[in-house]
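Enquirer: One letter stands for each residue in the lines below.
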Amino acid sequence: EAQVTQNPRYLITVTGKKLTVTCSQNMNHEYMSWYRQDPGLGLRQIYYSMNVEVTDKGDVPEGYKVSRKEKRNFPLILESPSPNQTSLYFCASSITDSNQPQHFGDGTRLSIL
Amino acid sequence: AQSVTQLGSHVSVSEGALVLLRCNYSSSVPPYLFWYVQYPNQGLQLLLKYTSAATLVKGINGFEAEFKKSETSFHLTKPSAHMSDAAEYFCAVAGGTSYGKLTFGQGTILTVHP
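Chain order of the listed sequences is W and E. Going left to right, the first sequence walks through residues 2 to 114 as my numbering numbers them. Going left to right, the second sequence walks through residues 1105 to 1218 as my numbering numbers them.
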């Protein structure tokens, strides 16, 4: 089954404690992207990757890091999380780029205390 | 820079009534436009996409959207609402100078009353 898998689904943590949200896709897609969803703001793009070792900033990259060492994986790293990063995060992938429909994971709800 | 505005954060309709969700976009190049739906506690699913092949786009679950360049709009419609259509709907635009960026609207929550 074609899918985008995010882990963990839920996480409560404290300010400053480094965390990583993993994202993996099994569709051999070149493009992957991270979004955060906040009420009234829709989804905002954090980072995206056009292929292995190719990443670029979205609209809200501050406080986040990403890497793309393998085609299937695109982890999101919060090196020093802060309460304003409390949000619902989605990973997505598409076959080539953002002009193509994206497949979304089920989301990761992060609470930073 | 590209942008999307969805008019109306909440829309309420009766079952069987017309559904109209509004989306206006801004893009410096011919856009790729999408509508996604999000059911509670789930990720987003593609409803339909516009890629310049036809101005009237048909999607899943009886939804369709019409691209109007002169109005920079891409409104989503469904002739007859069903209870199962209750969800949050997002309009999104891609196709700017970067092939990586995707910009979403604020979302519209659709409520369907019996």
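Keep in mind the hints are simulated off the structure, nothing from the lab. Quick caveat, the model's predicted, so the values are computed rather than measured. Each residue gets a CB set at the ideal place from its N, CA and C atoms; glycine is no exception. One should not assume that every hint holds.
In the SDA-like style, the derived pairs of lysine to any residue whose C-alpha atoms are separated by at most 20 Å in a straight line are [said to hold, decoys possible]:
1) W:K58 <-> E:A1157
2) E:K1173 <-> E:A1157
3) W:K58 <-> E:K1173
4) E:K1173 <-> W:N100
5) E:K1173 <-> E:A1121
Calculated from the model, a selection of chain W residues having no Cβ within reach of chain E, i.e. all distances over 10 Å [as the list claims (entries may be wrong)]:
6) L42
7) Q46
8) S50
9) A93
Sample of chain W residues at the chain E side, in silico, Cβ under 8 Å [stated by the list, open to error]:
10) E31
11) G41
12) E54
13) G59
14) P62
15) E63
16) Y65
17) F91
18) G108
19) L114
Enquirer: Enumerate the violated hints, using their earlier numbering and listing them in ascending order.
Expert: 1, 3, 5, 6, 7, 8, 9, 10, 12, 14, 15, 16 and 19
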